[in-house]
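> Could you build the full structure based on these sequences and the hints that come with them?
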Amino acid sequence: MQPDGSFLCFGSNDVRADSSSIEAPTVDANFLTVMVAEVHTSVREDFNPDPAIDPIEILFVTVTNDCPPEHRLQKTVTKIIVVEKTTPVRYLDRCIFNVDVTYVDNESVLLEKVLELVMTHDPDIMCGYEIEMGSWGYILERAQVLGLEIVKEVSRITEKYRQKRWRGEENDFEGRIIGRIMLNVWRLFRHEIALSSYSFENCMYEVLKERVPTYSYAQLGRWWRDETRLLRWIPVEHYLTRLSGTVRMLEKLDIINRTSELARLFGLQWWEVLSRGSQFRVESLMLRAARPLNLVALSPTVKQRAAMRAPECLPLIFEPESRFYTDPVIVLDFQSLYPSMMIAYNYCFSTCIGRVQNINGESDYEFGAWRLKIPKAKLEALVKKGLVHWSPVGVGFVKSSVRRGVLPALLRRILAARQAVKKNMKAQTDEAVKKAMHSRQLGLKLIANVTYGYTAANFSGRMPCVEVGDSVVSKGRETLERAIKMVRDSTQWNAKVIYGDTDSMFVLVPGGTRAEAFEIGQQIADAVTADNPSPVALKLEKVYQPCILQTKKRYVGYMYETPDQEKPVYEAKGIETLLQRALCELFETGDMSRVKRSVMATLSRLADGSLPPQELFFTREYHGPAGYRPGASAPPNEIAKRLVSHDRRSAPRTGWRVAWQVTAGAPGAALVRLARTPAELTRDPTLQPHKAYYAARVLLPPLHRCLSLLGVDVFKWWSEIGYTREVQQNEPSRAGGIARYMWRARCAVCAGRSARAAVCEACAAPRAAPRAAATLGLRLARATHHLHSCQAICASCSGHNQSLECENTECPVLWRRIAAQHKLTQIQDIVTHLPPIFTKESFDF
Numbered sequence: 001m002q003p004d005g006s007f008l009c010f011g012s013n014d015v016r017a018d019s020s021s022i023e024a025p026t027v028d029a030n031f032l033t034v035m036v037a038e039v040h041t042s043v044r045e046d047f048n049p050d051p052a053i054d055p056i057e058i059l060f061v062t063v064t065n066d067c068p069p070e071h072r073l074q075k076t077v078t079k080i081i082v083v084e085k086t087t088p089v090r091y092l093d094r095c096i097f098n099v100d101v102t103y104v105d106n107e108s109v110l111l112e113k114v115l116e117l118v119m120t121h122d123p124d125i126m127c128g129y130e131i132e133m134g135s136w137g138y139i140l141e142r143a144q145v146l147g148l149e150i151v152k153e154v155s156r157i158t159e160k161y162r163q164k165r166w167r168g169e170e171n172d173f174e175g176r177i178i179g180r181i182m183l184n185v186w187r188l189f190r191h192e193i194a195l196s197s198y199s200f201e202n203c204m205y206e207v208l209k210e211r212v213p214t215y216s217y218a219q220l221g222r223w224w225r226d227e228t229r230l231l232r233w234i235p236v237e238h239y240l241t242r243l244s245g246t247v248r249m250l251e252k253l254d255i256i257n258r259t260s261e262l263a264r265l266f267g268l269q270w271w272e273v274l275s276r277g278s279q280f281r282v283e284s285l286m287l288r289a290a291r292p293l294n295l296v297a298l299s300p301t302v303k304q305r306a307a308m309r310a311p312e313c314l315p316l317i318f319e320p321e322s323r324f325y326t327d328p329v330i331v332l333d334f335q336s337l338y339p340s341m342m343i344a345y346n347y348c349f350s351t352c353i354g355r356v357q358n359i360n361g362e363s364d365y366e367f368g369a370w371r372l373k374i375p376k377a378k379l380e381a382l383v384k385k386g387l388v389h390w391s392p393v394g395v396g397f398v399k400s401s402v403r404r405g406v407l408p409a410l411l412r413r414i415l416a417a418r419q420a421v422k423k424n425m426k427a428q429t430d431e432a433v434k435k436a437m438h439s440r441q442l443g444l445k446l447i448a449n450v451t452y453g454y455t456a457a458n459f460s461g462r463m464p465c466v467e468v469g470d471s472v473v474s475k476g477r478e479t480l481e482r483a484i485k486m487v488r489d490s491t492q493w494n495a496k497v498i499y500g501d502t503d504s505m506f507v508l509v510p511g512g513t514r515a516e517a518f519e520i521g522q523q524i525a526d527a528v529t530a531d532n533p534s535p536v537a538l539k540l541e542k543v544y545q546p547c548i549l550q551t552k553k554r555y556v557g558y559m560y561e562t563p564d565q566e567k568p569v570y571e572a573k574g575i576e577t578l579l580q581r582a583l584c585e586l587f588e589t590g591d592m593s594r595v596k597r598s599v600m601a602t603l604s605r606l607a608d609g610s611l612p613p614q615e616l617f618f619t620r621e622y623h624g625p626a627g628y629r630p631g632a633s634a635p636p637n638e639i640a641k642r643l644v645s646h647d648r649r650s651a652p653r654t655g656w657r658v659a660w661q662v663t664a665g666a667p668g669a670a671l672v673r674l675a676r677t678p679a680e681l682t683r684d685p686t687l688q689p690h691k692a693y694y695a696a697r698v699l700l701p702p703l704h705r706c707l708s709l710l711g712v713d714v715f716k717w718w719s720e721i722g723y724t725r726e727v728q729q730n731e732p733s734r735a736g737g738i739a740r741y742m743w744r745a746r747c748a749v750c751a752g753r754s755a756r757a758a759v760c761e762a763c764a765a766p767r768a769a770p771r772a773a774a775t776l777g778l779r780l781a782r783a784t785h786h787l788h789s790c791q792a793i794c795a796s797c798s799g800h801n802q803s804l805e806c807e808n809t810e811c812p813v814l815w816r817r818i819a820a821q822h823k824l825t826q827i828q829d830i831v832t833h834l835p836p837i838f839t840k841e842s843f844d845f
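Going left to right, the sequence shown walks through residues 1 to 845 as the numbering used here numbers them.
These are calculated hints, taken from the structure and not from any lab test. Heads up, the beta-carbon is just placed ideally off N, CA and C, and yes, glycines get one too. Mixed in with the good hints, there may be bad ones.
Said to hold, decoys possible - Ranges between beta-carbon positions, derived for each pair: (1) Q522 to P68: 43 to 51 angstroms; (2) A696 to Q522: 40 to 48 angstroms; (3) P292 to D254: 31 to 39 angstroms; (4) S216 to S196: 18 to 26 angstroms; (5) K552 to T429: 42 to 50 angstroms; (6) F318 to E519: 21 to 29 angstroms; (7) Q828 to A765: 32 to 40 angstroms; (8) S216 to Q522: 53 to 61 angstroms; (9) A377 to Q522: 44 to 52 angstroms; (10) A52 to N98: 34 to 42 angstroms; (11) K552 to Q828: 55 to 63 angstroms; (12) L804 to P667: 36 to 44 angstroms.
Said to hold, decoys possible - Restricting the straight-line Cα-Cα distance to at most 30 angstroms, the calculated cross-link-like pairs of lysine-lysine (DSBU-like) are: (13) K113 to K85; (14) K567 to K596; (15) K567 to K553; (16) K426 to K445; (17) K426 to K252; (18) K426 to K485; (19) K75 to K113; (20) K445 to K596; (21) K716 to K573.
Below you can see the structure in the form of structure tokens.
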């Protein structure tokens, strides 16, 4: 395969000859050097590091070279630079770290060493997990504070054009070093994986399945400044883990190599693959394909684009028959519908002759954002010979025998090349080769799927043409309508179309088995494919049994992809299925009483406070201080304001997903005022979730939208719990001891009503006191054992006895440990406030 994507251009008309060159699975090293940096700084109390105030104390750098195994360059080099005046004992030298440690006298020398490292290794990519507040951003901003023009020195251009600042403005998220690529790794992950949080610790778990501890800047600083110097290895290990974790996650997701492959494939610069959109990619390939044909692209002005006709056609999406289906439902999809329409009917800018009502042969007429004129004699000759195809919206296109369209030919080559890559990939055993070929076929798939969007981007497009865009949509709609009509009119299959959406249709087989559904689905796919020109093809995607069709683009069910698949896969589209277990119970048994028991169990856990806090967190992107209108009630904005009021450097980054829980508060309090972050919950375990809100507004509505189709009112189940709302004051209670925990005046032993005492009168009676004491003693022992178990897990994760300082709120063990500590404190308070009879009897707890 030509690595630069030249096989997609028009060197020859034989697609097979062009696609054969793609099958050579040669993978060369990219020879890219990546430098990852992290910094440890001095901090003030619990504030975040500020480059205007806090100096850098340690620099951690890892350099990776993508080169062949026998190359002179090392694959990985890790260095640590420590600001520490010469002392007889080098404490880090006695730690077991396989890295090179350099000691310098002051921060200015450290920054000079940074410049020396950059000059030595000459990295193409400079990155860090978060470079706005740490990593390279902190280094460059700190150098600017000290008056060092390090930005000019690390760039790759001549003195005359060197830059002075790495960020042009505050909303410049990545920063810029001319001649080098700056990568903010967590922002890359936002486009790679869908997560509720993009913290380093959560990404490590989701990508590499490794739990790593989280420590505050203040705690890391205390360990580093420890007088005994015995704990210095902990912050060093912490930052080395961030370096290696960042590198390993980039390798696991194959971001660097895949971007290099796509850059060669599309003919773009490396950074443009990440920063530019789909139109830029399509245009890159289209212009290279058009140039050998002596065709140039139109560049309409904004005014010309605004004057263009509005689109008239919409894809076919009709309302489903909303209900619960126990019979199998076949899902059939057209394979690459819009690219197939363009190939099959030769739809392109270069083959379009305009709308039939506009063509007069005498003068030019409207065509997209421009005007077109075709001689009348030529047009009549084409029509008489049957060489013009008319789309459903009355737009004419010449057939491929007259002129082969640029886009159809390009798409045909792309699809043929992708099939060749996928075929050859199956025979490969080398993982590096397979990974590179997977990147190629993925890039080809993406470019094929967005080519139609280039023709229809009438608001911000580079070269939109409403005639071409409407023709593709209308022809795709007509093709789907013909397929639906074929199924409805046929008596052979005894099937019923219950839903259609753009390029897919859902077909119900009443009274049929799953095996019959797969057989009928394949017959329908073959019949529809035969009824359409190549390469239009209908594919049997899957079979749902059972399933719920709620509304357009909202359905959920058990999915089977092959006839011999025994265990189904739960799949939900457009539906928030927070109580997934309840729907699985419905699909497996069809017994509503078991569904009710499952839901009631979850609601009971919510009511008694035993539901883990992390299951009640909301997460939403923070849009930045300028991203909200004045007075907007958005929890991320309110939380950011609260954080900034304490520390200006603690605000979440723009695009960061902020987590919060709605806690109980005074009646009538605004929900946005009750939002608390996970960190606030860890500091105050007495905060309780707003249980009525979570039940009536979060958990039950999505389930009700599904089960109401079966005539079930799930909101009645919440009323059956018998929950009474607990009021939490906005200000903390002044009551101490047991009064902080005994909200409902319940006996700590039998849970009966108690007159504001630790135990009721019955349990405090002389005969019942020994049994009550034994019960409390057993609970105290269990709570102590549970807490010690959680602490042991944390110690094994962190590798030291300082594990209780971990603040990883994405880790479920942290919340179990906090809950265990809270429960133990409750029982201890109860024991210390027992009635006098327990003291007189001298019960040993």
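> Compare the structure with each hint and give your call.
Evaluated hints:
For the pair Q522 and P68, the beta carbons lie near 47 angstroms from each other, so the given range of 43 to 51 angstroms is met. For the pair A696 and Q522, the beta carbons lie near 46 angstroms from each other, so the given range of 40 to 48 angstroms is met. One distance hint, 31 to 39 angstroms for the beta-carbon pair P292 and D254, holds here, with the actual separation near 33 angstroms. Between S216 and S196 the CB atoms are about 22 angstroms apart, so this pair conforms to the stated range of 18 to 26 angstroms.
The hinted range of 42 to 50 angstroms is satisfied by K552 and T429, whose Cβ atoms lie roughly 45 angstroms apart. Against the hinted window of 21 to 29 angstroms, the Cβ-Cβ separation of F318 and E519 comes to about 26 angstroms, which satisfies the hint. Between Q828 and A765 the beta carbon distance is about 23 angstroms. The supplied range of 32 to 40 angstroms is therefore violated. As the Cβ distance of S216 to Q522 is approximately 59 angstroms, the hint placing it in 53 to 61 angstroms holds.
Hint check: A377 to Q522, Cβ distance near 50 angstroms, so the stated range 44 to 52 angstroms holds. Judged by the Cβ atoms, the range 34 to 42 angstroms given for A52 and N98 holds: they are separated by roughly 35 angstroms. For K552 paired with Q828, a C-beta distance near 56 angstroms keeps the hint of 55 to 63 angstroms intact. Taken as a hint, the range 36 to 44 angstroms holds for the pair L804 and P667, whose Cβ atoms sit roughly 37 angstroms apart.
For the suggested pair K113 and K85, the alpha carbons sit about 16 angstroms apart, so the restraint of at most 30 angstroms is met. Straight-line distance between C-alpha atoms of K567 and K596 comes to about 24 angstroms, which keeps the hinted pair within the 30 angstroms bound. Taken as a hint, the K567 and K553 pair is honoured in the structure, with Cα atoms around 25 angstroms apart against an allowance of 30 angstroms. Note on K426 and K445: the hinted pairing holds, with a Cα-Cα distance of about 17 angstroms set against a maximum of 30 angstroms.
The suggested pairing of K426 with K252 holds, with an alpha-carbon distance near 20 angstroms, which does not exceed 30 angstroms. Our distance criterion of 30 angstroms between C-alpha atoms is broken by K426 and K485, whose separation comes to about 38 angstroms. For a cut-off of 30 angstroms, the pair hint linking K75 to K113 stands: about 21 angstroms separates their Cα positions. For the given pair, K445 sits about 44 angstroms from K596 by alpha-carbon distance, which is inconsistent with the 30 angstroms threshold.
Under the criterion of a C-alpha separation no larger than 30 angstroms, the hint pairing K716 with K573 is consistent with the structure, at around 27 angstroms.
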